[in-house]
Amino acid sequence: MNLKITHIKYLTAIVGILYSTISFGQNNTGTTVKDSVKIYTENDIYRLTSVPIPQGIFLEVGGMTFLPTGSLAVSTRRGEVWIIDNPSMKNRQQPTYRLFAQGLHEPLGLNYIKGDIYAVQRSELTRLRDSDGDGKADQYETMYSWPLSETGNYHEYAYGPLLDKNGDMIVALNLGWNGNSESLSKWHGWMLKFSPDFKMKPFAAGFRSPAAMALNSSGDIFYSENQGHWVGSGFISHVAEGDFMGNPSSLKWSGEPESNITLKQSDIPDTGKPMFEVAKTVKGIKTPAVWFPHTILGISTSGILNYNKEGKMGPFEDQLFVGDQGHSKIMRVYLEKVKGVYQGVVFPFREGFSSGILRMNWGPDGSMFVGMTSRGWGSTGNAPFGLQKLEWTGVMPFEIKTIKAKPDGFELEFTLPVDEESARDASSYSIGDFIYKYHSTYGSPPINQADRTIKAIVVSEDKMRVRLVLDSLKEGYIHEIKAEGILSAKQLPLLHNFGYYTLNAIPDGDKVAITDENRVGVSMGHDHEAMANSPKSEVSQPLKKQDALGKHTLKMPASWGGKADLTITLGTLPGLKFSTDDITVKAGSKLKLVFNNNDDMLHNFVLTEIGAGNEVGELALKLGIQGEKMNYVPNSPKVLVYTKILQPGQTEAIYFNAPDKPGVYPYICSYPGHYLVMRGVIRVVK
Amino acid sequence: MKILCFFILLKRFKIYDFMKRFALLLFGSILYSHFVFSQSTIPVLNLDVFEEPGANWVIASDLTTDFNKSTAKLVSGDGIVVNIPTKGATNLVTKAQLKGDVEIDFDFLTTKGSRSAVYILGRYKIQLSDSWPDGADPLSRVGVIDVNNAENSFSFHTEQPISNVGKAPGLWQHLKVKFKSPAFDGSGKKTEKASFEEVYLNGVLIHQGIALEGPSNGSGFNDERTEGPLVFQADEDHLIAFKNIQYKTIEKADQPLAAARRFRMVNPIIVEAEGEPYVLRSYLLFDKGKRTHVISVGNPDQTNYSYDLKQGAILQFWRGGFVDATDMWESRGEPQLARPLGAVTTLSSAPSFALLSNSGSIWPDSIPFDDFHNKGYSFDADKNVTFHYEYNGLNVDDKISMVGDGTSLKREVRVANAPENLYFRIAQGKVIESLGKGLYVIDGKSYYIKVDEHVKPVIRELSNSEELVIAFGKKLSSLEYSIIW
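If you read the protein sequences in the order shown, they are chains A and B. Mapping to this note's numbering: the first sequence position 77 is 77, numbers consecutive. To convert, take the position in the second sequence, counting from 1, and add 686; that gives this note's numbering.
Since the hints were derived computationally from the structure, they do not count as laboratory data. Glycine is no exception: its CB is placed at the ideal position from the N, C-alpha and C atoms. A couple of the hints might just be wrong.
[Said to hold, decoys possible] A few chain A residues that face chain B, going by a derived Cβ cut-off under 10 Å, partial list only:
#: 1; residue: Arg78
#: 2; residue: Gln102
#: 3; residue: Gly103
#: 4; residue: Gln121
#: 5; residue: Ser131
#: 6; residue: Lys136
#: 7; residue: Glu150
#: 8; residue: Gly152
#: 9; residue: Trp177
Whenever a hint applies, use it, and build me the whole structure from the sequences.
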């Protein structure tokens, strides 16, 4: 038994190493660790291919839709609509690109509906028609036009149209940005519904940045939200008529005659209590169906794709795939309805896309087409834009297929039979819960974190399901469920061994009768925080001046006599950039660094050892749910100094001595996913 | 830093006053601290300010001509200096001597076929000829610099303007020159070449940093000096006119430039209409604010315009390149602006159509958002655009076409069932002059309007402006006119 566990951990470590390689886009083939066990990587199971884009075409994907001919129509952020023939590259033929329309205003949505192509531009829902059949649109019909802020705000994006199950079209409008997320003109922060004759009705409010919408298999509307003011972390949420999704700025317009919502901005308390708590007293607040823990399962939730009959993506029918722009990856969501409310679990699915994912569609061959752009918002896939195709190779992945809530715990369903011994071992799992604050601040740290104890484990007869009985369940909370030790019957580790379940409601039903057979012994004591909080390896070496000052010194040392040798003021530029990327200082000089985060995202400043920018950035990316507490600054001797994570508009000054050793010292924003683009260097000279 | 790049872009193309002021406020100290200006005007009240002018030069207050004439009817008074076609006409030389590095500003007016030029310090020549609309002759194109016969190489004899932004004969145009004089050491040996640092024609940068080998052909001097007059070239056969002649000496301050700051120059994103019109939605900087429901159309014949989709109004038109979309397509594109690349003539954001209670009613500034239903636009076979909208139950088609020769834009508006109190405003400006046969020149000779001579619009005189207006109704359901500049 003990031997076995050691072996499992060994396997897990190997898989971990493989993953980190995959994220840099390498083609890994499976590595055989033992004669009989092939360790599969994401790439073995879901093959990623880039669709060629002719040079000179800036395919910054805003919207995508397939046409009945099998051609793919793509709208770009530069306002073009391209029709791509043979996007699947059948017969090893290059796809061909034809320009269908041009000059639209940042169309972030495109949909083929009942014989026509519809685009959503910044200020309107547009129908594009080619009346003379020459292959180019010659009628740009404004079906509905909405106001925009007179200040000409870039952040007033618009998305859609989604065709709902009644045949109406749905459009969602983004909040503007003026240092805060704000509804600067009518219906921004709202979802609008258009009847077939294009009469508009406000449908729901409380949106911040509703970058994507989709129907699930029941025809219900889901949308994806991005972290920001009043939004502790990204999520997807079910939207029904009259719902208020959480950001109060849109309620500015709830007094309008067309509004179907009576909530006012002043009805929403800014206490920092979790949203589900506030929703108990303020009627009309809809809490997310599934939270996506920030920096772990993405940082900017985007496209949603329902796994319907059009797709061929393995054993996850009727689940949702959800993209992430900043992390260039796709998550997988299993939803269930408990007591009339949607809730469910989000898992990692596939990472390593080439740019920032915005849109996903099913191709005619059941593969997934993924449209991307990273302009203005960096992404871990560092291409400025891209179009990729994801195919299932047919290899059955060993995954947690679903997690369902039970009255006394959770039931994990697997895609392959599990190895019973590992499944019955409580140390194969770790479960904890936490939630986010609901407040006017940008984002939220995870709060009220606690560990759950597994009291009993029941493995189903067919070995496809494992029921975990917990000490307690916390309604409203996000449950982190890890199954790192689970092996399949064929001794495969899980491709992804964790998921986050948002428990909006605890279901009724039968509880497991705890017996001697399923009871878990009390000696487990599994500490899943151990990794992040692992004691730092203090290297004993002569104290340098820097060590004396510490890595995060907020007061000028008295010994400086009230004066720094140099004050460096650093701001940000849009598009994940520091305001300067090259600073020269004298070795050992006394430095005051003022970092003013004038961006609309969270950032910090981390100065690293020579050549250690990427290493520190990667370590920060792996901090997981602990990262926020640690300002995303890993415990590493490679970190020289840092500022805390600064909210938009916040400033922090730190004091430190320039390193004594001349050289080029990288600085990064270590906020997960930012370090690849948001970086610069301090040149230390004699 | 971002704003600094922004400012440089602005400088290159079209400087909007408030932006300029804003930028100057922010960066004045950085960019201008090393310059000191002293400004002088050459008042054109009489000919005393010129050295023995020939009989071809006269003083007048105004003139009347059109784009097909090479003469004009003069109005007595002062303010402009005019070259009358005269055999043996001689150049006009200022008594004022320009010294060192200077910035020169003036307005000029060509007539059909006229050939003129200005010589800075009496030596360095910029062509001011009629080359409308397309500047086919490279040697007489408006804005061409005569670089002199460097190394006797003919190919670099002239320096062509970056873009062709000249206006039609009979319209006032503006030239602004930042000139750096040659420098000499104690022994009189030249240590630095003279150069045109920046030349702006009608507000558009047409030259940057053009070094000059020596005096141009046709200059009255063979040597080079650090001072000299302004010389305006005469024309024996065509009328030409000048006004608002000003110059400033740019004195170098003693202090060196502040330590150079590092900044990122972005790669600009230039959008041009190639082969067919480019029809582009964007925000637009206009009248000290941004307009959001705007479309701009660039034509391959270098005529361009912007249109307000929520007022049915042509906001501006320009000749030259189409737009710089850097502020829309670089990074997040926070300003979301497309910036015209040519010489912009700004019109009004007021609606073109209005329902007036009587013919004397004040023209409305705007139509409320919900009262105006923009319905999109369609293209004809040449991709000319017809805008469609509904206002007060009236369906309007508003077609704006390129003419193809680059002289003008043609507008055709059509309304079904127009009521008798529906008016259309063709133009508005400080002064509107009727030149006969349906031709009008608008706003101090800024552009022409040509309507069919059987259509009789009226000029409405307001307290400080005039409007060219026509009533729609049973008798008139459509109107066609040209904007010529």
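Here's how the hints hold up against the structure:
1. Arg78: Result: holds, 5 Å to nearest chain B Cβ.
2. Gln102: Hint holds; Gln102 (chain A) Cβ to chain B Cβ min 7 Å, cut 10 Å.
3. Gly103: holds, 4 Å
4. Gln121: holds, 6 Å
5. Ser131: Holds. Min distance 8 Å.
6. Lys136: holds, 8 Å
7. Glu150: holds, 7 Å
8. Gly152: The hint holds - Gly152 (chain A) has a Cβ within 10 Å of chain B, the shortest such distance being about 3 Å.
9. Trp177: holds, 9 Å
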